[in-house]
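Asker: Assemble the dimeric complex from its two separately framed chains, guided by the hints.
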Amino acid sequence: MSKIILIVDDSESIREVVSFTLENEGYKVLVGVDGKDALKFLDGRLIDLIITDLHMPEMDGIELIRNVRTMDTYKHIPILFLTTESQASKKMEAKEAGATGWIIKPFVPAKLIAALKKVLR
Amino acid sequence: MDKFKNKFIEEATDNIKDLEDSLLLIENDISNKDLIEKIFRSMHSLKGGGAMFGFSHLSDFTHNLENLYHLIREGKKTINRRILDVTLASIDHMKVLLTVDNVSDKSIKLRHGDLIQQVLDIIEGTNDIGIDSGNKENLNQQNSIKSYYIYFEPEQDVFKDGTNPLFLIDELHTIGTCKAFAHLNKVPEYHKYDVTNCYTYWEIIISTEEDVNSISDVFIFIEDQCKLEINEIADFDIFTSTIIIEQISALSQERNDVGVSNIQEIIKRNSIFDNNLEEIEKAIARSGPLPSVKENVISSIRVSSSKLDQLMNLVSELVTTQARLTLFAEKSGDSELLSISENIQKLSRQLRDNAFDIVLIPIETMLTRFQRLVRDLSKELNKNVIFVAEGADTELDKTIIESLTDPLLHILRNCIDHGIESPETRKKLNKPEQGTIILKAFYSGANVHIQIHDDGAGIDINKIKEKAVQKGLIQNDTILNKKEILDIVFLPGFSTVENVTGVSGRGVGMDVVKRKLAEIRGEVELDTEINVGTTLTIKLPLTLSIIDGLLVKIDNKRYVLPLSVVDKIFVTEHQNVVNKYNNLIILDGDQIPFYYLREEFDLPEGTQESEQVVVVAYEDRKVGLVVDEVEGEYQAVLKTLGKIYKKQEMISGATILGDGTVALVLDTNKIINKFSQVNLNIKNKEI
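Chains as they are written, first to last, in numbering that gives the first Met the number 0: chain A, 0 to 120; chain B, 0 to 686.
Next comes chain B alone, as it looks inside the complex (with noise of 0.2 Å):
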């Protein structure tokens, strides 16, 4: 219902919104009988609507604007000045109405009724009466919501007359606060069981402000074939009261028959305490505990994320003193202290996953605002998009969801603008016309991937590479592979398409996109094909703040290589790894590139005889990087280095040591990148 409920509430919307237009414009040509007809259109909707999804007050208020119009429509009345006066401000009521469940808030109350008055007296103020006076009564009842129960049993053949008990429920829903326990133990067994017959019976509670008569008529089709019994058990209304509810729930789960006399019972018991809550525990103490108080344990609890923010920092802030008790146990040589600092070493790194674990948010919580985007957006570009998202339950950092909307939101508007085509297009192009953009999300490694795909117009490697040489961002005779080509959308200054548009041309380019990802460590990838589509993907790291790191030596300094690219770690003499032509070094029988470390750095040859290659696994490769010494695993509470070293690319951080020096955090596959590139464009030169 909820869904359905949201659903009326965007639909609502835009229906106000069109009533405001047609509104406006109808002020100059008063006459016009399409904007009335619009406009009467829209209130019958929105009146329609709120009936049915529980805006009662939004639907008995447009009502009575509903019954203005007809006359106008009639032509028994003439808009005027007032009229629509009192209609815009009706209109700003209608917004307000839409966004609070129940008149509740005095002012609302006040306004709401000096509007429905207003409008009663512009009607009045003709001689004609044809519309229903209930109105009026509607409005003295409002306050007086009470609650009924109803036993509700269809006969087994009821669905050979069309009829479907479900609506009927449904019904209910529309005319007050209502919940229904269905009811399945007249369900036969497997082989007497006559899948045209209804088994079902239902226990209805519902707090309206409508009598029994009412309620009744919702089921005059089948009066018949029921057995129907409506019974008044409050005179206000019990869905105020979550107790009450909860254990009408929790007893209709218990039995089969909750039984008008058990609901009037626990009415009763639970509202002579006036709601106040320790009065209401000290009484359940004394009937003896409710079996649905006691299984009513807190399963989860909210807590503020700047609460999360300091557990973090201090979980963070132990990590680094452990390193120290570490170092200090292991130079002070006493066994005691060793083993205390090895059990703390161990509850910190529990408790580092155990926080990390909490902070983990999936996915989905960003979600609904992609959907609404999708939806708002194709539909003001004219366009039938459909939103899939897939693996909405990958977990990943709060910290790293809060950044990563941003971005995707901005990748979502070119895909609708520019990726996938008008219907039209679509239809030519012989797709169907609804396009598709799927979200998917999954784990890899220690990373989480996002894909972001439509099955749009693709992207035009040549006119990137037109663009990118008429911009001077390569040379004319540049020899670049597909994937190259690609990361040039991503460069600052770049865009293709000629005609911005307010959609996705807002200043923002993909340069800005890759930035803001880059701030979260995270990678992004471009691939895609002409009139099949584009595919976008995200790698993200799952945590920011601690990795686990193999912390390594060069040249008397440390650096912490990412143990979850960590291959596997050789030893190898040291005339394996200098002065070679291809730097290339069998391992394991496989011939393996590698960087030497130390070289790569503009540091001085190292003298010792072995050293150590750590085999990191890049892109779909492995690659070997030539380090002096591994020193052991360690856990890097990463630090950022701050605004001056912002533009360097290989370094994601620093972490400090035991010892209290500052170790370099490498970032593997941007070091490896950079390498490779630097020694391509040697060669280059060579030749």
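Looking at chain A on its own, in the form it has when it is part of the complex (with noise of 0.2 Å):
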């Protein structure tokens, strides 16, 4: 079965690219424009994998990280943050919130697939 995953961003350039890109490789996307609107899948389903942006409106990256981490049936799912090089302390932020990696922008493909692999098979 494919695997599920939550991609939750406010640019809907980033989420095409990133859809099509894991799309691609077979995976099944969701997608959340916020931390908020993502929040609405976290429902009980079978999510194997959330990728998320920091800034958001409404709810930002690293609250819905520490709220995903609350919830008994995702408290173990891996979390891939979308972060520019330049935002180190961010970094650490998303980090200590419970986040498993990161994805750096701008990204190519392979480089997303690449930081997938590492925590989804």
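Misleading hints may appear alongside valid ones.
[To be verified] Okay, derived cross-link-like pairs now, BS3-like style, lysine-lysine, Cα gap no bigger than 25 Å in a straight line: (1) B:LYS191 to A:LYS74; (2) B:LYS226 to A:LYS89; (3) B:LYS37 to A:LYS27; (4) B:LYS226 to A:LYS90; (5) B:LYS75 to A:LYS110; (6) B:LYS673 to A:LYS35; (7) A:LYS116 to B:LYS37; (8) A:LYS2 to B:LYS673; (9) A:LYS116 to B:LYS462; (10) A:LYS94 to B:LYS159; (11) B:LYS159 to A:LYS39; (12) B:LYS159 to A:LYS2; (13) A:LYS89 to A:LYS116; (14) B:LYS159 to A:LYS89; (15) A:LYS27 to B:LYS191; (16) B:LYS556 to B:LYS673; (17) A:LYS74 to A:LYS89; (18) B:LYS4 to B:LYS16; (19) B:LYS226 to A:LYS94; (20) B:LYS642 to A:LYS110; (21) B:LYS556 to B:LYS645; (22) A:LYS2 to B:LYS378; (23) A:LYS27 to A:LYS104; (24) B:LYS178 to B:LYS267; (25) B:LYS4 to A:LYS27; (26) B:LYS397 to B:LYS306; (27) A:LYS74 to B:LYS159; (28) B:LYS159 to A:LYS116; (29) B:LYS621 to B:LYS669; (30) B:LYS556 to B:LYS567; (31) B:LYS306 to A:LYS116; (32) B:LYS439 to B:LYS464; (33) B:LYS159 to A:LYS90; (34) B:LYS267 to A:LYS110; (35) B:LYS642 to B:LYS556; (36) B:LYS470 to B:LYS481; (37) B:LYS638 to B:LYS397; (38) A:LYS2 to B:LYS669; (39) A:LYS116 to B:LYS4.
What the hints contain is simulated information worked out from the structure, not anything from laboratory work.
Answerer: Set out below in structure tokens:
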């Protein structure tokens, strides 16, 4: 069965690039526009991985990660966040909130897949 | 990992084929975006998969091609003849890369470099630099494989962030040849054990072209959550030396931590001898035997099958000669000679059993071919079929397995083509969309049964009957039971499918399957139910060449009955077995049907007062065979009767007796089957 990945980003283009890449690799993709929107998917259904942006309206990525880590069902699932290299402090913050790893923007599909393969089979 | 690797090879072969098809199509339609997209995708999956499953050459190679097609996709380049030629040549080369693990052959190596250069030349022909420039570097580094030692101990709560350390180790496998030793000695006692914690730590040796940075990149997500140590241990690929790897493995089993210094020691000790086996052995002897070497006892050897055939032949000859010796010893009455001959008889029997055991191989050996066939065929026919094997460790004579493969392949083809329905039809019938074919093998007495069951459409009995009447195989008014109707399928010139497909209609019918199986003394039976499925059962003898037999005498001629079917032997009076209306005899309180073999063989009626009834198993019943006299047990070396008698069915072969005469080995099942039919026909005529 193909793995299900939840993508959370407020930028439509990023969402599209990521979905396209992942769907090409055979993953199933769910899309949320921000942290709050993403929470509606976390209703007990099977999700194998979350990829989230950090800066988003309504609820940002760090808050989303903290939220997810309190949910019994999703406590242990891998979470990758999207970040630019310049945000080293954010990186630490997200890691401390419970993120598994990160994907550095801008990225090429291969890099995205490589990062994803570190946490998902 | 190997399993995935094989799967990848299968997929990659498909991918390469797709690629080839698309390229041939695009030649006539160079601006077709869909095709370019498809080509790009195929290359992409080849590259990605190649890297994941250790085909780094394939991956690197495809990487360049992918870059080229990326430019084409972006409209920065247009496809021309040269590109197509180079790509097609590259595809041929990719096929080669799939079959070899490392590019060591000189001609392959040359071609590899040449093609990469050609692709790079084409790419560089543009002004655009939208590709990463790392490829050339990779090329130059190709031969500089180094080996590293990695110590990796994640923090105990590593799982809490969704990290799976095993994935990281998997990732290491993608960047080079790698062997990981997991250490469990930090796992606490049961009552202190927290299942959400990770207690395992790893020592990994890896040989790769990548540098330390790329290795530590693997652990980038958890670099602050683990103890990580990466040391270069050798400037060559240590996996080329099995001795080094074996010693490291042995050491890792012996103690919890191998440690970088120990590994360096092992490498140093072994590399000075330049892989010269003799010297290494000497060195080991000098430095005191290593535990690993001491325990390394050869547990199996490979022998060419022709040698085994020869062994079996010799054992057969020995058994025949031994029979002669026994006879001679009995005649001479010399007690010493008798005891020697008895000993030899015992030894030759043991030798025979042992030799048989050697040539038995598990049917597992042929399963891969079946699996592949099911996979390919179901794909070709757009069906969804899973192949399950049970009892794969059941053993059969090598020669039987060899002659069994083709009939089984044919049967499987039939199952997929005619048995399993298309997913749509199955859905309509409320069956799971995925059809199942089960191959089940098990022992039953002196036989091995192989059952092939599919949960497909089944066979319509009435259709068989109609067809058989049409083809003149049976009369319109012939009354047959289900089993007899199903047996028609095995008659020559019978095929119910009107439109012969390319898959199972290869002009080989079930009659050929039956004939092939009969050559190895196998029997085949069919059972089916509409929409539930079909089961085909093949009964095979355990071995072909020597059987334990019962030597009997009829009209002064000797015959052998297979001992495996003999149940009991009774003595009975002559009048009990002749001129009986119903051919039934009461033995041990049971009514048992019998055949008076003199009568069945058209021999004159016997004159002696008493005869012997050998009760044999026939299907699930017992049947008596009346013979003049039972002489005793006999090891019969089976010889075929030759071409002229190929068509006869009652005799499975002949054997040479101790006195040099020939005895026929009777196939009791066939005999009884035949006699019962003959009698039935006579009775029908009388009525």
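Asker: With a cut-off of 25 Å on the C-alpha distance, tell me whether LYS556 (chain B) and LYS645 (chain B) pass.
Answerer: Satisfied, since the Cα-Cα distance of roughly 22 Å is no more than 25 Å.
Asker: Could you grab the alpha-carbon distance between LYS116 (chain A) and LYS4 (chain B) and see if it respects the 25 Å cut-off?
Answerer: Holds - the C-alpha atoms of LYS4 (chain B) and LYS116 (chain A) are around 17 Å apart, at most 25 Å.
Asker: Check the hint pairing LYS621 (chain B) with LYS669 (chain B) against an upper bound of 25 Å on the C-alpha distance.
Answerer: holds, 14 Å
Asker: Decide if the proposed pair is consistent with the structure: LYS642 (chain B) and LYS110 (chain A), CA atoms, cutoff 25 Å inclusive.
Answerer: violated, 69 Å
Asker: Could you grab the alpha-carbon distance between LYS4 (chain B) and LYS27 (chain A) and see if it respects the 25 Å cut-off?
Answerer: Given pair LYS4 (chain B), LYS27 (chain A) holds - Cα atoms ~24 Å apart, limit 25 Å.
Asker: Regarding the pair LYS159 (chain B) and LYS89 (chain A), is the alpha-carbon distance no greater than 25 Å?
Answerer: Given pair LYS159 (chain B), LYS89 (chain A) holds - Cα atoms ~20 Å apart, limit 25 Å.
Asker: Just to be careful, I want the Cα atoms of LYS226 (chain B) and LYS90 (chain A) compared with a cutoff of 25 Å; is the pair within it?
Answerer: The hint holds at about 20 Å.
Asker: LYS642 (chain B) and LYS556 (chain B) were given as a pair; does the straight-line alpha-carbon distance stay at or below 25 Å?
Answerer: holds, 23 Å
Asker: Does the structure keep LYS4 (chain B) and LYS16 (chain B) at a Cα separation of 25 Å or less?
Answerer: Holds. LYS4 (chain B) to LYS16 (chain B) sits at ~18 Å (cutoff 25 Å).
Asker: Given the hint that LYS27 (chain A) pairs with LYS104 (chain A), test it: the Cα-Cα distance must not exceed 25 Å.
Answerer: holds, 22 Å
Asker: Regarding the pair LYS638 (chain B) and LYS397 (chain B), is the alpha-carbon distance no greater than 25 Å?
Answerer: holds, 17 Å
Asker: With the threshold set at 25 Å, check whether the alpha-carbon distance from LYS89 (chain A) to LYS116 (chain A) stays at or below it.
Answerer: Within the cut-off at roughly 23 Å; holds.
Hint violations for this structure: numbers 6, 8, 9, 15, 20, 31, 32, 34, 38, all remaining hints satisfied.
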